[in-house]
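4 protein chains.
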Amino acid sequence: MCKVKAVVMDKVNGEIKVEIREFPEPTLEEGAVLLKTIFSEVCGTDVHLFHGQLAEAPYPIIPGHVNVGKIENINGCVLDVEGNPFKVGDVVTFLDAHETCNKCWYCLVAKATTRCPHRKVYGITYSANDGLLGGWSQLIYLKPGVKIIKLPQHLRPIDFIAGGCGAPIALHAVESATIEFGDTVVVQGSGPVGLNVAIFAILKGAGEVIVIDPCKNKNRLEMAQQIGADHTIGDSTPEGRIGKVLKLTCNRGADVTIEASGNPKAVTEGMEMTRDNGTYVIVGQYTDAGDVYINPHRQINKKLLNIRGVWGIDYNHLYETIRLMAKHKDRFCWGQFISQIYSLDETETALNDVEELHVIKAVIAPNEDLCKT
Amino acid sequence: MCKVKAVVMDKVNGEIKVEIREFPEPTLEEGAVLLKTIFSEVCGTDVHLFHGQLAEAPYPIIPGHVNVGKIENINGCVLDVEGNPFKVGDVVTFLDAHETCNKCWYCLVAKATTRCPHRKVYGITYSANDGLLGGWSQLIYLKPGVKIIKLPQHLRPIDFIAGGCGAPIALHAVESATIEFGDTVVVQGSGPVGLNVAIFAILKGAGEVIVIDPCKNKNRLEMAQQIGADHTIGDSTPEGRIGKVLKLTCNRGADVTIEASGNPKAVTEGMEMTRDNGTYVIVGQYTDAGDVYINPHRQINKKLLNIRGVWGIDYNHLYETIRLMAKHKDRFCWGQFISQIYSLDETETALNDVEELHVIKAVIAPNEDLCKT
Amino acid sequence: MCKVKAVVMDKVNGEIKVEIREFPEPTLEEGAVLLKTIFSEVCGTDVHLFHGQLAEAPYPIIPGHVNVGKIENINGCVLDVEGNPFKVGDVVTFLDAHETCNKCWYCLVAKATTRCPHRKVYGITYSANDGLLGGWSQLIYLKPGVKIIKLPQHLRPIDFIAGGCGAPIALHAVESATIEFGDTVVVQGSGPVGLNVAIFAILKGAGEVIVIDPCKNKNRLEMAQQIGADHTIGDSTPEGRIGKVLKLTCNRGADVTIEASGNPKAVTEGMEMTRDNGTYVIVGQYTDAGDVYINPHRQINKKLLNIRGVWGIDYNHLYETIRLMAKHKDRFCWGQFISQIYSLDETETALNDVEELHVIKAVIAPNEDLCKT
Amino acid sequence: MCKVKAVVMDKVNGEIKVEIREFPEPTLEEGAVLLKTIFSEVCGTDVHLFHGQLAEAPYPIIPGHVNVGKIENINGCVLDVEGNPFKVGDVVTFLDAHETCNKCWYCLVAKATTRCPHRKVYGITYSANDGLLGGWSQLIYLKPGVKIIKLPQHLRPIDFIAGGCGAPIALHAVESATIEFGDTVVVQGSGPVGLNVAIFAILKGAGEVIVIDPCKNKNRLEMAQQIGADHTIGDSTPEGRIGKVLKLTCNRGADVTIEASGNPKAVTEGMEMTRDNGTYVIVGQYTDAGDVYINPHRQINKKLLNIRGVWGIDYNHLYETIRLMAKHKDRFCWGQFISQIYSLDETETALNDVEELHVIKAVIAPNEDLCKT
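Residue numbers (this note's numbering), protein chains in the order written: chain A, 50 to 422; chain B, 50 to 422; chain C, 50 to 422; chain D, 50 to 422.
These aren't lab readings, by the way, just hints derived from the structure by calculation.
Hints should not be assumed to be uniformly reliable.
Identical chains share a label here; the pair holds if one copy fits it or two copies do between them.
Claimed, not checked - Dumping the calculated PhoX-like pairs for lysine-lysine here, alpha-carbon to alpha-carbon at most 20 Å:
id: 1; residue 1: LYS152; residue 2: LYS169
id: 2; residue 1: LYS378; residue 2: LYS199
id: 3; residue 1: LYS199; residue 2: LYS119
id: 4; residue 1: LYS152; residue 2: LYS199
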């Protein structure tokens with residue numbers, strides 16, 4: 050391969066354009082790995098990038114933060130966490146976040162690694178000028194130290210990418226929720242994050258899982274039922290939705306509510322849906338979509354509510370996600386989240402389909418020959 | 050004693066009046082205890098009662114929820130948690146919350162006893178029609194099962210009442226905050242709750258304690274310094290206060306912020322003052338003082354903020370408070386919080402002094418002869 | 050019904066005898082409930098009672114602590130935790146532990162209710178002289194305040210009793226283990242407790258569950274596989290068993306090990322099987338079967354091991370167990386644990402079958418007409 | 050300085066010898082820092098090294114793992130966790146553990162960094178052949194990436210070194226103990242670790258702290274009282290010691306017991322001293338001093354005991370320790386733990402004095418001119 054095709058989002062005269070560009074095949078520094086991309090996902094963040102809604106995004110960008118590929122080349126010996134060396138031909142994914150420094154106050158004292166200020170993210174905060182550092186490309190350059198994980202043999206790339214970035218962030222959110230046996234868990238939102246939250250809540254021993262989608266997106270609520278949600282709620286008004294949750298919970302509200310909607314108004318509603326001394330996890334507010342009113346006396350103080358914000362993932366979340374996806378792939382059939390696979394030429398359509406909610410999960414396959422892997 | 054004098058707040062034609070009434074000395078049912086009141090406190094809740102701001106308050110009410118008294122009479126054998134019988138003459142206090150049922154879903158499944166719907170509170174949710182069930186009275190009737198605690202011999206009644214209801218609720222808030230060694234703790238508010246929060250944060254191993262009082266209430270900020278706060282902030286603008294906290298925390302914000310102000314606007318401000326992945330405890334929003342805007346993306350989600358509402362206390366909070374007050378009475382000198390002791394005739398003045406912040410802590414002494422105990 | 054038949058274990062001249070005795074039908078005090086027994090279980094504790102291995106057992110005893118029955122009579126209005134009244138004909142179970150006082154130091158300060166010194170247990174620490182307070186009887190007398198739970202309509206009594214006391218204690222143990230997503234969990238022992246521990250570990254999101262039975266009790270290990278254990282180990286030597294666990298865990302040991310064997314030697318072995326900084330829960334040492342050697346340096350200190358002893362259950366464990374059994378009854382088929390149902394005449398055979406491990410779970414059906422419920 | 054004097058422990062014909070050797074002044078690689086030693090400590094581990102009791106110790110070794118020094122030279126720009134550059138002349142300490150990899154399963158998945166297999170420790174697991182990697186030397190070579198902390202201006206080197214390695218390990222142990230307000234904490238052992246455990250337990254809000262020293266080492270028990278222990282116990286028999294603890298705790302035992310004795314027999318005794326559902330932390334079993342009998346039924350299971358092994362420290366423990374030592378240096382006067390300061394020529398005497406318990410803390414001052422810093 051002489052030239053590498055990659056999709057680049059660039060900002061020209063204040064407008065963002067998506068186009069295919071060609072890059073030279075990179076030379077690997079010591080410890081680097083070259084990946085031939087099998088699949089990359091399209092997620093809401095990519096739509097935000099496309100609309101210029103992420104402050105400080107370093108255009109031009111090659112999007113695609115969660116990816117799976119085949120190792121094309123390795124410079125030197127690169128080991129996984131167990132100490133086993135990677136080999137050319139291995140099918141792997143990697144943690145999109147890189148350069149977490151392990152030297153700063155957040156890494157060493159607070160141990161809040163997702164808030165390390167040095168952290169960079171493939172496909173989001175790296176520029177195309179710095180290399181093939183996003184997945185909408187035939188090749189991905191994995192810098193030395195990028196945390197790579199081999200997919201278990203029986204977890205197909207298509208199943209893994211169907212979970213996409215939604216699966217590990219959902220796992221992170223559910224871990225933060227400290228669900229107790231038998232808890233009733235409400236999930237606000239039935240997009241890729243919401244559906245994965247429902248899956249991991251089920252896996253964590255919830256008594257009942259209720260998925261809410263106010264958009265009456267029937268496909269998604271049906272999908273929620275298919276993966277095992279006990280109830281779905283599609284009411285168009287907050288009162289209607291809150292009322293249904295109360296009815297299903299002896300008028301107390303959910304033990305745990307997890308917001309995965311992206312809509313700030315969901316937050317007030319979620320507090321109302323949660324029982325006294327319950328837990329409310331907010332994971333869906335990835336971009337700033339505005340302020341919202343809350344009543345601290347009634348909704349937090351008197352309610353003894355526990356609220357937790359969840360942002361980003363770390364290596365362990367990805368590692369555990371893969372372990373559980375491999376184990377439960379037949380039970381939850383992540384693959385069915387994928388409505389369509391797009392080539393590099395079709396990324397603008399893919400972005401549009403994600404934005405219009407025509408699909409649950411859109412996937413890019415940059416190399417036609419690997420598409421059936 | 051034939052007639053018992055007690056202060057009653059009554060609602061007449063929609064207006065609340067405070068007056069002394071006389072009650073017959075009560076007959077004790079089996080397991081009941083009669084207390085001769087030494088001190089009762091006046092707290093913000095009493096001011097709310099006085100202004101009719103507590104929904105469902107069952108006027109007429111004898112106020113006074115935290116009290117200390119001498120046992121005048123016991124019907125039968127009443128034991129403390131260690132199994133020791135109380136005796137006439139013992140100087141005791143008791144948990145104001147009573148009738149927590151230990152039978153309902155909140156008591157047995159959620160173990161959130163402060164949310165038990167059967168719970169009643171002396172001086173707040175009991176009516177004067179039901180008996181001498183508040184502390185602004187020469188005698189207090191302790192129903193069978195009320196949880197009584199003997200004061201340790203070297204903890205004077207005046208020191209205990211100076212902590213008042215602020216001390217155990219502050220202990221509850223600080224316990225919920227899970228302060229780590231060396232944490233910087235910001236306390237919003239320097240009233241009785243805020244000052245006690247500062248004390249318990251110090252006792253829990255905080256690295257630095259910062260007390261904020263935007264009212265420039267110098268007395269209180271000086272008191273905060275006296276009990277060991279490392280810094281006080283009296284700025285009149287949110288920007289000024291937030292800026293000072295950032296300056297004191299390498300621009301990160303506090304590890305833990307505890308709201309004890311009662312002002313809903315403090316909540317947004319408190320979120321801004323807390324560092325990424327820090328903890329924010331809201332304990333001061335005892336009454337509904339309105340809504341407030343928050344930005345869930347920036348202030349909770351991306352920040353990985355942990356928020357906890359704290360409401361009411363349980364027996365263990367009172368028990369632990371007394372243990373620690375007895376141990377540290379000379380270090381923190383709770384007694385100095387008391388600006389003035391009022392007789393039953395002076396309760397309206399006391400209410401006014403509390404409302405106008407003329408005093409930190411106001412105390413009622415219903416029996417002149419016990420006032421020097 | 051005029052006379053009530055019940056099995057009584059009595060101690061005569063130092064020997065324990067089992068016989069059927071007749072009791073008058075009891076009169077109900079206010080708040081009491083009379084249960085017509087559908088099923089009672091036979092568990093290891095009953096074998097210990099039979100052999101006089103429980104210190105301070107108040108013979109004569111009517112055994113049977115976990116039971117399910119039909120309400121025959123109620124004196125007054127008795128409510129469940131939701132506030133709904135029980136009715137004659139309801140199929141219910143109840144928490145065997147009663148008289149937990151909610152007044153002592155362990156109840157109120159430590160909140161360690163299973164260590165309340167006033168607690169009594171149906172079928173174990175109540176004497177037959179005090180009434181029909183065990184389940185190997187046609188009728189069970191539920192004292193006022195006994196915590197009763199209605200079985201959900203689709204949870205059959207036979208399925209519930211098949212879980213028996215093993216299910217809630219297993220739930221308690223698994224909750225204490227704080228299993229993280231993807232953890233490898235080893236269960237030592239494949240009796241009723243061990244099998245239920247495996248089930249709840251699966252329900253809690255374990256990555257792999259490994260069940261060990263050194264007795265090569267094939268039936269039980271097959272049952273373990275049937276309910277979803279990923280691996281079973283039947284080696285006869287500690288070295289063999291430890292070696293197999295290490296092999297399955299990249300030589301690190303299990304993230305979580307839960308002892309449910311009753312053999313003290315399992316404790317040293319379990320420590321060796323658990324990884325550094327892992328968690329070891331000890332739930333199976335119900336009676337004193339002797340001391341065991343450990344090496345605190347190597348097995349606890351340097352290993353940063355977390356060890357938790359688990360004893361008894363509380364209402365919430367039973368409540369959550371029933372909720373989860375109803376939800377997952379078709380997945381785990383508790384009913385298959387029951388090898389045989391015995392009449393009151395056959396309890397000695399049942400005790401023998403349990404002791405000889407001929408059965409996984411033995412069940413007593415005191416009333417022939419209710420046996421098919 | 051041309052030649053650097055350092056004490057070396059070497060193994061010659063199976064015997065360990067201590068001697069001063071001279072090394073050339075090292076050249077600094079990029080990112081390395083050279084420290085002129087002010088103080089190094091002598092701790093029990095050094096005695097173990099001296100007696101060859103640490104398996105796999107890479108003799109010859111320059112002992113001295115906790116150190117404080119003045120920066121003599123820096124190659125390049127080296128930053129602290131806040132991002133501030135170190136300067137020549139700064140008085141600093143550093144985390145003795147180095148090369149924790151942040152790449153292996155223990156670092157990334159278990160987040161149990163003290164169990165990272167790549168970790169090396171200055172003065173213990175580095176050989177003198179690898180450089181000046183221990184503190185009993187005039188100069189210490191800090192490899193690139195070693196985690197350095199500047200001492201706060203008002204924390205004198207002598208006060209810091211008096212805490213030594215005992216202070217951060219004690220902080221780690223107390224953090225693991227999750228002490229609740231008012232808890233009674235028993236500390237087994239009154240050596241440098243035990244005394245620091247007592248200090249941090251006091252700082253964490255313990256109700257009462259009881260220090261036990263069965264050796265009747267009066268000096269140490271007096272020191273315990275001086276730093277604020279509420280009670281000390283010097284009984285020579287286990288029964289006597291257990292009896293005293295029970296007497297001080299209403300016959301229940303301590304809420305939290307922390308073992309800091311090094312004697313395996315203390316473990317059984319500590320379990321007996323701890324109340325039901327209490328917490329037992331084992332931190333003192335640094336070397337293998339043999340096995341011990343425990344009764345899992347009575348001492349763990351029925352007791353619902355929580356046991357935690359604590360090993361080593363991480364950066365945050367050192368960071369927090371320094372913050373708290375600076376704050377509380379006048380309250381606890383760590384400096385008084387130091388009985389004597391030894392020169393490099395006197396290290397064998399120092400080792401002997403530590404072993405014979407003639408001193409609480411022995412300190413080496415390799416550079417006479419810095420001794421008064």
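Hints, one by one, checked against the model:
no.	hint	verdict
1	LYS152 <-> LYS169	both (15 Å within a copy, 17 Å between copies)
2	LYS378 <-> LYS199	within (16 Å within a copy, 36 Å between copies)
3	LYS199 <-> LYS119	within (10 Å within a copy, 46 Å between copies)
4	LYS152 <-> LYS199	between (27 Å within a copy, 15 Å between copies)
The structure agrees with every numbered hint stated previously.
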